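**Q** What follows is the residue order along each chain.
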Amino acid sequence: MEHTAVRVETEERLENVSFGMWLFISSEIMFFTPFFAMYIIMRNAHPELSHPHMLNVPIASVNTFILVISSLFMTNAVNASKSGDGVKTSNNLLLTALCGLAFLVLKAVEYSGEIKEDLLPSTNIFYSCYYTMTGFHGLHILIGVIVMGILAWRARRGDFTKTYNSPIEVCGLYWCLVEVVWFFLFPVLYLV
Amino acid sequence: MTEHAAHAEEIHPEPKDFFHKYVWSYDHKVISKQYLFTAFFFLIVGGLLAMLIRWQLAYPFQPVPVLGSLLHGHLFFDDSGAITPEGYLQLTTMHGSIMIFFVMIPMLVAVFGNYLIPLQIGARDVAFPLLNALSYWLYLPAGILAFSSFFLAKGAAEAGWTGYPPLSDVSSSTPGSGSGQIFWLLSVFLVGFSSILGGVNFLTTIVKMRAPGMTWDRLPLVTWSQLITAVFQALATPVLGSAMALMFMDKVFHTSFFIPSGLQNSDDQLVGGGGLVGNAGGGGHPLLWQHIFWFYSHPAVYILILPGMGLASELIATFSRKPIFAYKPMVGSMATIMGLGFIVWGHHMFVSGMSPAMGMGFMMTTMLIALPSGVKVFNWLGTLHRGSIHLTVPMLHGLSFLSMFIIGGLSGIFMAATPVDIYIHDTYYIIAHFHYVVFGGSVFAVFGGLYYWFPKMWGRKMNDKLGYLHWFLTFVTFNCTFFPMHLLGEGGQMRRLATSTGYEYLQPMQDINVFISVSAFILGASQIIFLFNYFYSIVKGPKAEANPWNAITLEWTIPSPAPYHNFDKIPTVYRGPYEYSGEEAEKVGRDWIAQDEKLPA
Ligand code: HEM
Ligand SMILES: [Cu+2]
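Taken in order, these protein sequences are the chains called A and B. For the record, in the first sequence the residue sitting at position 105 is 105 according to the numbering used here, with numbers rising by one throughout. For the record, in the second sequence the residue sitting at position 497 is 497 according to the numbering used here, with numbers rising by one throughout.
Since the hints were made in silico from the structure, they are not lab data. Keep in mind that this is a model prediction, so the values were computed, not measured. Yeah, the Cβ is synthetic: ideal placement off N, Cα and C, and Gly gets one too.
Over the 12 Å line for every Cβ pair with chain B, so calculated as not near, a few chain A residues:
(1) Phe65
(2) Leu104
(3) Cys176
(4) Pro187
Sample of chain A residues facing chain B (criterion: CB under 8 Å; computed from the structure):
(5) Glu15
(6) Asn16
(7) Ser26
(8) Glu28
(9) Met30
(10) Phe31
(11) Met38
(12) Pro121
(13) Ile125
(14) Ser128
(15) Tyr131
(16) Phe136
Sequences and hints are given; from them, build the entire structure.
**A** Following this line, the structure appears as structure tokens:
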């Protein structure tokens, strides 16, 4: 992107960026919808395969909590970037990324517990759904963590100013999406 | 800061070095051309595959001239240079996939959308130039992936462009369902992702970046069609992504989303996800794939036609020297097609097993689509009516689009009737139908568009004589190739069947197959004329003026070829895009007046 030396962002440009991001979020929702649809169909066709609380609810609850906390940091980061405070933006982004990382580590622990009990994606259609849905969600978290890492580095370098901070805002929207998907996954897979 | 300056700020400065100018370029015009050349390459590949398909159907299991003797024992050929049955399935699968995902969607959307949207709305570039470059650089690796799958040990995918399980899903079912299918899944996923990014980009551009005065009722129909297509791209393509993702899980992680319980292979062994023998997982639904796939792929056929409708509207209005008849219904009908397009996917599944009530519903919604399509056809005819028709090369293509679309649309309505479709489903009738809409419709529109905007893209003109010759040969041989397929279909010849002579009841129709193939070879060869004309004219064509067709939309107000920043000053728009032969035009003493032209006081 570094063609120009000074970046000034017009009001218009900012609007475009968040409009585009909302569109992308709609696409993401359309990407996850078939997973949920499929899950509902499978649950109805094979009710015997699953019952509430058969997955690791404690770990998933902690993960839910972690994501809630992370959204606070993310909000701080977006606000800090709007007031042009690069260091604060960077710190909060890093904290958010750390939450994301913790989420992934716990998820890995959860998976390995299941794999030890020989509960694999191929075990039955319930586990197929479980691994696929949480797996693609986890992939989104991973992408978020990487992006936040890069943005934190750029914020520290002083790339973002009061007049140019749309990447942080967009990243915030993305993180919001990733959280909301989890808030659906958690009850649907773990609790009911 | 004046408004002009504000616009100038956000545009990327012109790069000086080769790499940023032609390879990693942010300029929508360069990206459009990158797409164009890549799509040309895949057009040639897909075309050659089609030639091989036609060889097999005319002369089953006989050595293929030239290619067969060069490549015998490799790719689709056996040691004698004839096409093998598995090879034949690779040919049909990859022909369809390449033509749809790597030729037509990129041509219609990425080439014309990229080039025309910013120029027609009076902007300096699309909303997200970086994302735009990224779209292309996702499309290219996707294409390379698809192309390289031919060279895998067991060959490319064989399960058709629709990739129906269990054939595609059980890796041991056929050679191509091994790594070939996985390559197919990845490449379609990637090209779909590129398409989503393009849709997001174009939607934002059109909604947010129109020049002052470019109100919704002054937007050229090309741009309108791109806007509506972009909605499909942003909202339907992700569903294709999840279909690919689920099948990928089946094949690589041995889940069984699309494999039913108790599926057995020919040795009576249970088969599970990924074709794992003895894996009793099962529990999936092959039909689920069809629902998800068609939820995307029916809208995809509208991605394949709407931009063509836009291009044709432009050609027909300009060369009739008349305003588009009923502009608002034209827009409304495209929007209606989009809305209905999301609820008709079941018409591909009438014989897959569906409750009659649902079949009835899908039949009704499908037939409804004929209404907005009919509205468009009548409006084009209304535009032509008493127009001053100039039969230029682009116009001939516009008219071909119109007439071929009518034939394809009508056969569509036949198939929409469930009882009829039960008889003709998966026969050559279907092949005839969609080639009439995609080739007869969209390809002609694309050719017309390439001829029409050539002066703007390259600053030169194409040769007219070669243009007429190419159009004539293409139009005639296209009809000789695809019209008789209706008859084959009614006679019961199945699609994707390598032996057109293997069944006694098909043998009397073999002459038709030979006739089709000969026409198809001429059709294929005629395209060399086009390619030669196109590339020769880029270098040697006579210089073109800014507005060679006396057209009205904004792209014709700037020099040819379009300069780097498009507009020196962002234009202000005063009127609609099709004000031919109107009062205002008369006031300036012409039969046209540009959209941003101020009337003399
Ligand atoms: C008047 C509008 C149309 C109607 C009523 C219609 C109806 C249908 C129906 C019922 C089928 C399924 C036939 C079967 O498999 O048994 C079909 C297939 C198909 N249509 Fe259309 N269609 C229309 C327009 C279009 C357009 C505009 C395009 C593309 C530009 C298109 C492309 C296709 C393709 C590619 C298939 C075959 C898919 C496959 O099985 O491989 N159709 N159409
Ligand atoms: Cu359809």
